[in-house]
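Knowing the structure of chain E, use the given hints to seat chain F on it.
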Amino acid sequence: MAEIIADALTIEFPLYHLGARSLKKRLMAQALRRIREDSDSRVVVSALRDLTFRIGSGERVALIGRNGAGKSTLLRTLAGIYDPVGGRLSVQGTVGSLIDPGAGMDFWATGRENIRLRAWYAGLNEAQAQALSEAVTSFSGLGEFLELPVRNYSSGMQLRLAFAMATASRPDILLMDEWFFTADASFMAQAEARLQEMVASAKILVIATHSMRVVRRLCNRVIRLEAGRVVDDGPTEEVLSRLPEEMRLELETLQPGG
Amino acid sequence: MFTSHQAPAVRDAADPRHLARALDDLALGFSRWRLPLGLARLDLRNRYRGSVLGPFWITLSTSIMLAALGFLYARLFRIDVADYLPFLATSLVLWNLISGLVNDGTQCLTDREDVIRQMPQPYSVHVLRCVLRHALAAAHVLPLVPIVFLLCGRWPGWGLLGTIPGLFLFLVNGVFVCTLLGMVAARFRDMGPIMQSGMQLLFFVTPIIWKPELLGDRVGFLALNPVYAMIELVRAPMLGQMPGLLIMAAALFYTAVLGGLAFTIFVRWRGRIAFWV
Chain E
1 MAEIIADALT
11 IEFPLYHLGA
21 RSLKKRLMAQ
31 ALRRIREDSD
41 SRVVVSALRD
51 LTFRIGSGER
61 VALIGRNGAG
71 KSTLLRTLAG
81 IYDPVGGRLS
91 VQGTVGSLID
101 PGAGMDFWAT
111 GRENIRLRAW
121 YAGLNEAQAQ
131 ALSEAVTSFS
141 GLGEFLELPV
151 RNYSSGMQLR
161 LAFAMATASR
171 PDILLMDEWF
181 FTADASFMAQ
191 AEARLQEMVA
201 SAKILVIATH
211 SMRVVRRLCN
221 RVIRLEAGRV
231 VDDGPTEEVL
241 SRLPEEMRLE
251 LETLQPGG
Chain F
1001 MFTSHQAPAV
1011 RDAADPRHLA
1021 RALDDLALGF
1031 SRWRLPLGLA
1041 RLDLRNRYRG
1051 SVLGPFWITL
1061 STSIMLAALG
1071 FLYARLFRID
1081 VADYLPFLAT
1091 SLVLWNLISG
1101 LVNDGTQCLT
1111 DREDVIRQMP
1121 QPYSVHVLRC
1131 VLRHALAAAH
1141 VLPLVPIVFL
1151 LCGRWPGWGL
1161 LGTIPGLFLF
1171 LVNGVFVCTL
1181 LGMVAARFRD
1191 MGPIMQSGMQ
1201 LLFFVTPIIW
1211 KPELLGDRVG
1221 FLALNPVYAM
1231 IELVRAPMLG
1241 QMPGLLIMAA
1251 ALFYTAVLGG
1261 LAFTIFVRWR
1271 GRIAFWV
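Chains as they are written, first to last, in this note's numbering: chain E, 1 to 258; chain F, 1001 to 1277.
Next comes chain E alone, as it looks inside the complex (with noise of 0.2 Å):
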């Protein structure tokens, strides 16, 4: 039983390293909606504000809205990197993020070195390791190369290998930004496959996109962010038609991974 429940999440991002005291004061005196002092006088971005939904199995969300209208937040609070400022945050399921396909990779390091690292951030046992070797080492198709350091690696080969570790398991509940939509076209096919399949498997998939193809292919329901409140949310074809014209355009014309 997978189950995502977020009640009256909030996450708050303190402006740390501000300063001088000038600039606080600058970004005081304009009447922001999302900057503000919180009660111990320090500068703060509210990211979410005041969150609350449930997304159960079977279900496929799309989290839309434009560049920081908190997607990428809402997506790391969900992998458990930010705990809540205020509210409720419940996940029940294993989880897997593909969030940053680079994350934790040395880039001084073999590619078999790496599937070495990735294994032990994920914990895995030794068996579990050898099966993740494996299964990166078909599917990414580096042969020798995994021998050599990946900072030689082409661009391509180097999303090859990323692509590959990150997309091993199945999790419950999958967490997704559509950087894997940039892979080169030779490795698209594949890539979609895999993805297809991954997504297939997870009870649940939330993915933060910019773009109309992937949500109507892959999602049934649409949570729209803007400037960190929920603004829209329902199954997809509904919350698409409600969308203001100019963002829809937006949308519709921006190519995946743009």
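These are computed hints drawn from the structure, not numbers from a lab.
Cβ coordinates follow ideal geometry from the N, Cα and C atoms, glycine included.
Only true hints are included.
From the derived model, a few chain F residues whose C-beta atoms are all more than 12 Å from chain E:
hint	residue
1	SER1063
2	ILE1147
3	LEU1171
4	ALA1256
Derived CB-CB ranges, DEER-like:
hint	chain 1	residue 1	chain 2	residue 2	range
5	E	VAL231	F	PRO1016	27 to 35 Å
6	F	THR1264	E	GLU226	38 to 46 Å
7	F	THR1264	E	ARG216	46 to 54 Å
8	E	GLU134	F	PRO1008	28 to 36 Å
9	F	ALA1067	E	ASN67	57 to 65 Å
10	F	HIS1018	E	ARG248	44 to 52 Å
Showing chain F alone in chain E's frame:
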């Protein structure tokens, strides 16, 4: 794929369960010791990547430093070189370990910003990585000490075994120092430079190149210096003495204070680290 083992199913701002989560973090970080150890080894290898000597550069540069300082200061202090060098070798190697831990400790979390903000990992992993890196580096220079003793016609004998409790305490304090400084420096960025200049000062006021006896009847005051207490704990057995009771008590006291402080801060503000780095 990163499964977020460490985030509990329910996280409630009104009931943050600081203590339970800090203990989980530590338990998971220590049980995954292969990860910080593997990362520490890669760190060391990457730093000396492509060089002929590799990490043995630390061994070489320490040897040169020892030879140069040893002969010069033996002359300045009018002490026999064979008497002075074993003292200096022990002090300098231990000091390098301490100053390395303190200076790198201030960066042990901020340097890991990329990992911290992308995948849920126990924070103790980053701390252990830093401590283990310095332990590995120290393993390249610690053997110099008995070699210097041999060259000077002395042999610590059973004293070598007597250094084990002290060296163990070094590791424990390393974990405390890196936890404490890593967090404080992530929140207050002035901490790094402050510690750097503080350590410079400490090098000169601690008996590392000068022998504590030179203080005469004021030697008791040295127990107020935590670095002295720690160094003496290992140095005394090497030189064939038993560390004084006062020194042992002081070292344990400082360890307890440091540990208490580090643990308290870790428990209370652990959840904020991702926002600080």
